[in-house]
Amino acid sequence: MLKRFVDVRDEEVGAVLGSFIYFFTLMCGYAILRPIRNEMGTAGDVKHLPWLFTATFVVMLLAVPAFSMLVARYPRRVVVPRVYRFFLLNLLAFFVLLKFGVAKEGVARAFYVWLSVYNLFVVSIFWSFMADVFASDQGKRLFGFIAAGGTTGMIVGPFLVGRLAEGVGPVNLILLSAVMLEVSAQCVKRLGRWARDVQHQPATREGPVGGGMLAGLRLLVTSPFLLALGLQVLLYAATSTFLYYQEVQLVAGMAKDAAARTAAFADIDFWVQVLTLGLQTLVTGRVISRLGLGVAMAVPPVITMLGFGVLAFAPVLAVLIGVKALRGASHYALERPSREILFTTVDREARYKSKSFIDTVVYRGSDTVSSWLQGGLTAMGLGMMGLSLVAVPMAALWLAVSLYLARQQRVRAPEALPQTTLPGGTTA
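The working numbering numbers the first residue of the sequence shown as 1 and each following residue consecutively.
Take the hints with a grain of salt, since some may be wrong.
Claimed, not checked - Beta-carbon label-pair distances, calculated as ranges: (1) 2 to 373: 41 to 49 Å; (2) 397 to 376: 13 to 21 Å; (3) 2 to 396: 41 to 49 Å.
Read the hints as simulated data drawn from the structure, not as lab findings. Computed from a prediction, not measured in an experiment: that's the story for all the values here. Virtual Cβ for every residue (Gly too), placed ideally from N, Cα, C.
Go ahead and model the full structure; you've got the sequences and the hints to work with.
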């Protein structure tokens, strides 16, 4: 049955299904938490958000060197499950504190920061782990189907929250997310055994990465290619922050009840992921195969430019939902898979350390700067129209960087594009 959807060998079926479940539970668990986090962001004044972004960035600066130290010293079969179990214990602690109302406002802000760190780490670790478990030719055949597990999880998670938030209560849903994370950790163990026993991977592939705590930063600043990747992520995150501020303001004005706000954020996430899955299965393959990687990477910044242009003159929730759905779907279905292909041209140390640095510190650093920029511009009197227009040139620069990276991919790996299955369910 599975072979009808993906080019999978008999000995790979168990690993592919395990990877699908791994990514599904990881993203479903996160998707359950995200509307709760977003509602907590609206519980106080929006002016507090820059401080939350700053706190997140500081935590990232501490967490990334610690993670680099772990992967340098310990094998992946030890590091990945233990990182997930650490986050699971954090979840249980937050559940207890929120359930019993201990320092409610402070815990809510801590949870906001924690989840902002958590989601970037677990996804970055997932793709690094996939690149280690599967060989390059296997990734070309299998990553599309595996990525669909994450998209499905991002659909199921908001759907569950939207239907359960008011009846069960948002805080109780944290336990469901914890169960999902434990399933992910179990999948890591099984996939590690498969790679060792069936793939017969050499010990060096499974062992510690080596290097120092700050190797990710060193590799980033010495490589123009990695710097461009970092700039692409920075610009995506900056425009995301501007859009998020508008979302928070519009939703906060629409609903005053915490459960209603949580359900509203969940509904927005749900439609973004439904559209993403539709693009992955119906559109993305045609775009990549006929028009190339450059066009695939150009679509999200073009949508962002047009979207902010429309929001400047029509700052209403219906328009924002449409812009966020189109932008988010094109990012997950086109740009994010394309970026994972770009990382296949770098070595293992860069894949684990520079990638995690870009996906976490660079991303959240951009969040922080953008949030303070947005706050400063608001204090100067700019409304939603002015802020939307400021975001347009950011998206234009993002487009230019994306086109540069697409050209570099052709130079660095000219053989990759004609036969690459993207981690978004597409074939180039």
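Here is what the structure says about each hint:
no. : hint                   : verdict
1   : 2 to 373: 41 to 49 Å   : holds, 47 Å
2   : 397 to 376: 13 to 21 Å : holds, 20 Å
3   : 2 to 396: 41 to 49 Å   : holds, 42 Å
The structure fails none of the hints (numbered hints given earlier).
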